[in-house]
Structure formats: C-alpha cells, structure tokens
Amino acid sequence: MKEGDIMNMPALDLRLTEENLDDLYDNAPCGYCSCLPDGTLVKLNHTLLQWLGYQREELVARHCLQQLLTVGGRLHFEMHGVPLLLLQGHIREISYSLRTKAGAAVPVLLNAVLLRDANGDPLVVRVTLFDITDRRKYEQELLRSKAEAEAQREQLRTQNEELIRINADLDSFVYTASHDLRQPVHNLAGLFQEFERSATFHDPASGNMVGMFHGALQQLLTTIDGLTEVVQRKRELEQAPAEAVELQAFTEEIIRSLPAAVGEPEAVFTLDFGAVPTLHMARPGLQSVLYNLLSNALKYAQPGQVPRIAVRTAYHDGMAVLSVQDNGRGIDLERHGGELFQLFRRFHPDVAGSGVGLYLVNRLVHLAGGRVETSSEVGQGTTFRLFLPQ
Amino acid sequence: MDVLNRNNVTVTGTGQQAMVFVHGFGCNQHMWRLVAPAFEDRYRVILLDLVGAGKSDLTAYDPARYSSLDAHAEDVLDVLQALDLHDIVLVGHSVSAMIAVLVAIRKPARVARLVLVAPSPRYLNDTGYTGGFELADIEELFETMDNNYLGWSAGITPVIMGHPERPELSEELNNSFCNTDPAIAQHFARVTFLSDNRADLPHVRTPALILQSAQDALAPLAVGQYLHQHLAQSQLTVLNNSGHCPHLSAPQQTISAINLFLEPARIAQV
Numbered sequence: 001m002k003e004g005d006i007m008n009m010p011a012l013d014l015r016l017t018e019e020n021l022d023d024l025y026d027n028a029p030c031g032y033c034s035c036l037p038d039g040t041l042v043k044l045n046h047t048l049l050q051w052l053g054y055q056r057e058e059l060v061a062r063h064c065l066q067q068l069l070t071v072g073g074r075l076h077f078e079m080h081g082v083p084l085l086l087l088q089g090h091i092r093e094i095s096y097s098l099r100t101k102a103g104a105a106v107p108v109l110l111n112a113v114l115l116r117d118a119n120g121d122p123l124v125v126r127v128t129l130f131d132i133t134d135r136r137k138y139e140q141e142l143l144r145s146k147a148e149a150e151a152q153r154e155q156l157r158t159q160n161e162e163l164i165r166i167n168a169d170l171d172s173f174v175y176t177a178s179h180d181l182r183q184p185v186h187n188l189a190g191l192f193q194e195f196e197r198s199a200t201f202h203d204p205a206s207g208n209m210v211g212m213f214h215g216a217l218q219q220l221l222t223t224i225d226g227l228t229e230v231v232q233r234k235r236e237l238e239q240a241p242a243e244a245v246e247l248q249a250f251t252e253e254i255i256r257s258l259p260a261a262v263g264e265p266e267a268v269f270t271l272d273f274g275a276v277p278t279l280h281m282a283r284p285g286l287q288s289v290l291y292n293l294l295s296n297a298l299k300y301a302q303p304g305q306v307p308r309i310a311v312r313t314a315y316h317d318g319m320a321v322l323s324v325q326d327n328g329r330g331i332d333l334e335r336h337g338g339e340l341f342q343l344f345r346r347f348h349p350d351v352a353g354s355g356v357g358l359y360l361v362n363r364l365v366h367l368a369g370g371r372v373e374t375s376s377e378v379g380q381g382t383t384f385r386l387f388l389p390q
Numbered sequence: 001m002d003v004l005n006r007n008n009v010t011v012t013g014t015g016q017q018a019m020v021f022v023h024g025f026g027c028n029q030h031m032w033r034l035v036a037p038a039f040e041d042r043y044r045v046i047l048l049d050l051v052g053a054g055k056s057d058l059t060a061y062d063p064a065r066y067s068s069l070d071a072h073a074e075d076v077l078d079v080l081q082a083l084d085l086h087d088i089v090l091v092g093h094s095v096s097a098m099i100a101v102l103v104a105i106r107k108p109a110r111v112a113r114l115v116l117v118a119p120s121p122r123y124l125n126d127t128g129y130t131g132g133f134e135l136a137d138i139e140e141l142f143e144t145m146d147n148n149y150l151g152w153s154a155g156i157t158p159v160i161m162g163h164p165e166r167p168e169l170s171e172e173l174n175n176s177f178c179n180t181d182p183a184i185a186q187h188f189a190r191v192t193f194l195s196d197n198r199a200d201l202p203h204v205r206t207p208a209l210i211l212q213s214a215q216d217a218l219a220p221l222a223v224g225q226y227l228h229q230h231l232a233q234s235q236l237t238v239l240n241n242s243g244h245c246p247h248l249s250a251p252q253q254t255i256s257a258i259n260l261f262l263e264p265a266r267i268a269q270v
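In order, the protein sequences belong to chains A and B. Using the UniProt record's numbering, read the first sequence as starting at 1 and increasing by one per residue. Using the UniProt record's numbering, read the second sequence as starting at 1 and increasing by one per residue.
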C-alpha cells in the first residue's frame with residue numbers, strides 16, 4: 001500500500017477503538033488469572049470465576065492454580081508444567097481440566113508466562129485459559145480411533161503370524177503324511193503280489209476282484225505322489241530364485257519329456273514366443289506349470305482326433321501372459337468353474353489322473369504373484385492364460 | 001552404542017570426587033542447570049538422561065526391560081563403571097531418588113553419599129502408609145498425558161540445548177525443554193507411579209540427605225518422614241519452598257542444603 005492510499009482512506013470513528021481495559025480483562029472470552037510462583041492465586045477475571053462457580057474471595061490468597069485442576073492434571077503440572085515454566089519462562093497449549101466448585105470438569109488449554117523481579121527471581125505467573133469443550137471431545141474421538149486402529153493392527157499381525165505358522169504346519173503335515181504312507185502302501189503291494197502268486201482262487205469272480213484291488217492300490221499311490229509333489233514344488237519355488245527363462249528352448253525340452261499316448265495320433269504343437277521371449281520366474285515352478293498344462297492337453301484330447309496345442313506369450317497391462325490352448329474335450333465351466341483348481345477334484349473319471357495338476361498350476365502362479373484365467377467349451381477345447389508380473 | 005552416548009552423559013567440573021545428577025520424570029538433565037554448576041569448582045559433575053528421556057538413545061527403550069526401576073539403576077551403574085567412578089555423591093530427583101537408592105544398594109562402594117530430592121518410595125496409598133494418591137488419580141494423570149500427546153511429542157528439535165548462552169533461541173520453541181516420546185512417557189509414568197520401593201529402604205547403608213519442599217503434592221511431608229525413619233543413616237531437610245522441583249524453584253536453598261550435608265565443617269567455617 002502506498003502512502004497516498006492511506007491518505008485517501010475514510011477516517012475511522014475513534015470512538016469504536018476505545019475499550020475499557022478493566023472490562024476487557026474481566027469479561028474477556030477467555031479465563032485470566034495471576035499467581036505467585038508457588039501457584040497461590042492473586043487475581044482472577046470474571047470469566048474464569050463464572051466457569052468455576054467460585055466467588056473471588058473464596059479463591060484469592062486461599063487457593064493455588066494447581067488446586068483448580070484435577071488430581072491427574074495437578075501431577076502433570078507439577079512434574080512437567082512447573083519445570084518448563086521455570087526453565088523457559090513460558091508454557092503453551094497444555095491441555096488440562098478445571099474442576100468447578102460443583103465438581104464438573106471444564107476442559108481448557110493453558111498458556112502461562114513467568115515474570116521475574118530485578119534479581120531474576122520468580123515474581124508472578126500470568127495464566128490464560130481457553131475453554132476447549134468441543135475440541136476435547138473431538139480429540140478424544142481421535143485418540144479412541146487411534147487406539148482402536150492400533151489394537152486392530154496388533155490383532156491382524158498376530159492373526160497373520162498364526163496363519164503363516166498354520167500354513168507351514170499344514171505343508172509339513174502333508175509332506176510327512178504322504179511320505180509315511182508311501183512305504184506301507186508299497187509293502188501292501190508287494191505282500192499282495194506274493195499272496196496272489198501263492199494262493200489259489202476257486203471263485204471265478206476272484207480274478208476280477210484282484211484286478212480291482214490292483215486298481216485301488218494304484219490310485220492310492222498316485223494320490224500320495226500327488227500330495228508329495230504339491231509340497232515339494234511349492235518348497236522348490238520358495239527356495240529357487242527367479243531367473244530369466246528363455247521360453248522356446250525351455251518349452252521344447254518339456255514337450256520332448258511328455259509321455260507319448262499309445263495308439264493315439266501324434267500331437268501338433270505351435271509355439272509363438274515373439275511377444276515375450278523370456279519369462280522372469282523360478283525355473284522349477286515354471287517347469288511344473290508348463291508340464292502340467294501340456295500333459296493335461298494331451299491327456300484330455302478328443303479321442304481319435306489330432307491334438308493341436310498352441311503355446312504363446314503376449315503382453316497385457318504390464319503383465320506377461322503365457323497361454324496354452326488345446327482342441328481337447330473342454331470343461332463345462334458353468335458347472336465346474338468354481339472347482340477347477342481344487343485339490344483332487346477331477347472332471348474326467350475315465351482318464352487316469354491324480355487331481356493335483358491344475359491345483360498345483362494355480363498355486364504356483366499365485367506364489368509367483370500372478371493369476372490364471374480359463375476359457376473352455378465342451379467339445380471344442382480349453383485355453384489357460386497365466387498372467388505373470390515381470 | 002556405548003553407555004555414555006546411550007544416556008547422553010555430560011561431564012564438567014574438576015575435583016577428586018564425582019557428583020552424579022539424575023533427573024526425575026517429566027523432564028531431563030536440563031532440570032539441574034540452576035544447581036549443578038554450583039558444584040563444578042569442587043566436583044566432577046556428571047549429568048545424564050535416563051533412557052527414554054532427553055537426548056538419550058530412544059531406540060534403547062525396550063518397554064519389557066524398563067518395566068521396573070532396576071533397569072534404570074543398572075544404566076546408572078553402567079555409566080559409573082564406564083567413567084570408573086567410586087565414592088560418588090549421587091543426586092536423584094523424584095523417581096530417580098529411588099533409582100539412586102537401588103544403585104547404592106547394589107554397589108555400595110560406588111556411592112559415598114545419597115542426595116534424595118523430593119523422594120517417594122511409593123506414590124499410592126496402602127494400608128498403614130500414606131503415599132498421597134489413589135489409583136484413580138494416577139489413571140487421571142495418564143489421561144492428562146494422552147490429552148497432551150502433541151505437547152509431549154519430540155517432533156520439535158530442541159535447538160536450545162546446544163546454545164545455553166542464547167536463551168532467545170528458545171522463544172520460538174514450544175515446551176521444547178522437556179520433550180519426550182509420548183509412548184515412552186506413558187510407559188515410564190506407569191512404571192514410576194506403580195512402583196513400590198519401601199522394602200528396599202532397610203538395605204541402604206549409605207548416608208542419605210532427604211531434601212524436600214514444605215509443600216509438595218507429589219512427596220508430602222509424611223512421605224519424607226517415612227523415608228527418614230526407614231533409611232538408617234539419613235537426615236531430613238525441609239526447604240521453605242513449595243512444589244516438586246526445589247532445584248528449579250529454590251536453587252540457592254537446594255545448593256546450601258546439599259553443601260551443608262556434604263561438607264558441614266567447611267560451611268561452619270564460612
């Protein structure tokens with residue numbers, strides 16, 4: 001503002017600026033009091049007296065400032081407020097509650113300054129108090145929310161630890177159980193073979209039953225192997241470091257290792273990794289995933305038809321997509337979609353299998369931070385798309 | 001971290017004997033600044049911050065370890081050992097008066113004299129004992145501390161600490177002298193006010209000065225008399241003062257009383 005602007009401003013009616021200082025002190029919108037260094041009250045304004053419900057004569061020279069506070073507040077004031085006041089000459093924004101004569105609490109913020117005499121000795125303490133009834137409610141709400149959030153965080157942390165522990169326990173239980181079951185089942189197979197060699201069956205139906213017994217034993221062994229594989233693959237993936245896997249050679253190697261289906265036409269594989277030639281993932285995990293998907297594609301081919309299997313990569317929303325598409329039997333996803341990745345769930349009972357493959361694929365992809373999407377049409381074929389973070 | 005850094009130990013003064021000052025709850029070694037300098041011409045003066053207070057190593061504050069005053073007593077002993085101090089004068093205020101008592105019991109050879117400023121062996125009332133407070137009062141203190149969460153926060157760097165000669169620097173800082181981490185302050189308050197050291201008192205063999213104000217809400221006269229009765233070689237001096245911090249509100253009286261206790265002959269000559 002330039003000097004000229006001030007000159008041009010309308011003259012202020014000076015009567016409006018005249019304040020009665022005594023009235024301002026007594027009826028200010030805040031509480032005032034002055035105390036001796038030991039806290040003895042020597043002067044209070046009307047506002048403060050009204051809050052407290054005391055007569056001036058009841059307090060002056062008879063009461064200390066500390067006595068107007070709650071006992072807890074007084075402890076705080078003596079241990080923290082007074083030392084601060086003596087050390088730095090002032091205290092600001094300390095939150096206390098005043099006790100009124102009737103026993104009610106008035107939440108206040110306390111500011112104070114210490115005046116010293118010519119020798120530097122404490123002379124008088126001037127105190128200003130602000131009523132913060134509403135603010136205190138809000139602050140207590142905040143404190144409550146904070147305490148709740150902390151309690152919940154703590155609860156989540158313990159629950160998480162518990163879950164991690166249970167998961168590890170479960171894994172070792174499955175591993176131990178499958179490991180311990182394998183030996184007795186093998187013994188059972190051996191004993192039965194011996195029994196079959198030495199025994200003579202008179203009932204013509206016995207031959208059939210022996211065959212069924214073999215089948216059941218085989219199923220038991222497959223299940224046990226499946227369980228062992230689930231745990232082992234997961235452990236391998238947790239231990240193996242992620243690395244860049246060159247897909248063309250890697251997939252060709254897996255295709256060579258697939259068991260040939262006897263009496264069925266040879267499968268035709270189409271590989272196209274142009275879009276994403278390498279994947280960043282633990283090698284054993286990727287091996288297990290691709291092997292299971294490809295062997296499934298062969299196993300569930302349409303009888304008498306040439307299996308055509310395409311393995312491709314693409315990019316989608318910053319993720320690598322590895323897809324395996326076949327022209328096999330397909331799955332009714334409307335009916336079975338929800339159970340597709342469940343352990344030991346099987347959809348084609350006429351084809352041998354353990355019910356572990358897709359469960360493992362899904363679990364390994366999730367462990368690698370990705371997800372699996374499936375589309376399928378009965379009689380037309382199935383496509384699995386693995387979305388993997390890179 | 002070595003113990004001298006952990007407890008933010010400062011050493012000044014010259015003399016054959018060392019005088020170690022331990023602050024109470026609610027502040028830090030700055031509490032001694034009106035009293036400690038008066039002894040620097042005759043004593044090695046050692047100030048420290050309890051772990052969790054002032055500029056001590058806050059990361060060393062493990063609530064499990066500091067769930068009793070014993071851990072603080074061990075810390076003080078660590079400092080005495082690190083500085084190779086024996087036959088010291090150990091001055092403790094408020095809760096640290098009891099910490100000093102524990103130090104003297106554990107290693108009597110390290111402590112020649114105890115000066116207990118505004119001490120209390122137990123704040124809560126008990127059958128046949130008046131500590132001055134009920135549990136509800138202490139709960140109210142915790143509530144007040146909660147309401148002053150911001151004020152206790154150590155968010156503001158206490159610049160002034162390094163510039164005692166320039167007090168104007170403190171003007172910009174709000175309540176900066178006694179900043180404390182709120183969570184630690186809460187925990188230390190709990191340990192302080194729920195502790196009971198009455199059973200330790202008969203084990204003290206060190207001559208002790210009990211120094212207290214005539215009016216002190218935290219350590220009433222009855223508590224001072226209780227201590228005097230239960231500390232074998234103790235002397236009770238009541239200062240004509242009001243409040244829990246005579247070393248701040250009546251520094252000259254405090255200095256005189258300590259001098260009289262330590263060197264009665266010298267004072268008599270003067």
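I should point out that these hints are in silico values taken from the structure, not numbers from a laboratory. Some hints could be false.
Here are the in silico distance ranges between beta carbons for each label pair [claimed, not checked]: (1) 93/A x 62/B: 28 to 34 Å; (2) 30/A x 59/B: 51 to 57 Å; (3) 219/A x 59/B: 40 to 46 Å; (4) 137/A x 233/B: 50 to 56 Å; (5) 150/A x 136/B: 57 to 63 Å; (6) 137/A x 264/B: 41 to 47 Å; (7) 12/B x 55/A: 38 to 44 Å; (8) 93/A x 128/B: 39 to 45 Å.
Just some of the chain A residues that point at chain B, by a computed CB distance under 8 Å [said to hold, decoys possible]: (9) 37; (10) 74; (11) 208; (12) 209; (13) 266; (14) 268.
Derived, one-sided and incomplete: chain A residues facing chain B with beta-carbon distance under 10 Å [said to hold, decoys possible]: (15) 73; (16) 78; (17) 84; (18) 192; (19) 194.
Fair warning: this is a prediction, and the values are worked out from it, not measured in the lab. Even for Gly, the Cβ is constructed at its ideal location relative to N, Cα and C.
Hint check:
Remark: the range hint 28 to 34 Å for residue 93/A to residue 62/B is upheld by a beta-carbon distance near 31 Å. Our hint of 51 to 57 Å for residue 30/A and residue 59/B is violated, since their Cβ atoms are close to 41 Å apart. For residue 219/A and residue 59/B, the hinted distance range of 40 to 46 Å is not satisfied, since their beta carbons lie about 59 Å from each other. At roughly 54 Å, the beta-carbon separation of residue 137/A and residue 233/B lies within the given 50 to 56 Å, and the hint holds.
Checked against the given bound of 57 to 63 Å, the beta carbons of residue 150/A and residue 136/B, roughly 24 Å apart, lie outside it. Restraint check, residue 137/A to residue 264/B: a C-beta distance of roughly 58 Å breaks the suggested window 41 to 47 Å. Between residue 12/B and residue 55/A the C-beta distance comes to about 52 Å, which lies outside the given range of 38 to 44 Å. Separated by about 42 Å at the C-beta atoms, residue 93/A and residue 128/B satisfy the suggested range of 39 to 45 Å.
Checking residue 37/A against chain B by beta carbon gives a least distance of about 6 Å; that is within 8 Å, so the hint holds. At about 6 Å, the closest approach between the beta carbon of residue 74/A and any beta carbon in chain B falls short of 8 Å, and the interface hint on this residue holds. At a threshold of 8 Å, the smallest CB-CB gap from residue 208/A to chain B is about 70 Å, leaving the interface hint violated. The beta carbon of residue 209/A is not positioned within 8 Å of any beta carbon in chain B (closest approach about 67 Å), and the interface hint is therefore violated.
Taking 8 Å as the C-beta cut-off, the interface hint given for residue 266/A is violated, the closest approach to chain B being about 68 Å. For the restraint placing residue 268/A at the interface with chain B, the shortest Cβ-Cβ distance is roughly 65 Å, beyond the 8 Å limit, so the hint is violated. The beta carbon of residue 73/A is positioned within 10 Å of a beta carbon in chain B (closest approach about 5 Å), and the interface hint is therefore held. Contact between residue 78/A and chain B, as hinted, is supported at the beta carbon level, the nearest pair being about 4 Å apart and thus within 10 Å.
Because the closest C-beta pair between residue 84/A and chain B is about 6 Å apart, less than 10 Å, the hint holds. Taken as an interface hint, residue 192/A does not check out: its beta carbon lies about 61 Å from the nearest beta carbon of chain B, beyond 10 Å. With a cut of 10 Å, the hint placing residue 194/A at the interface with chain B is violated, because the nearest CB-to-CB distance is about 64 Å.
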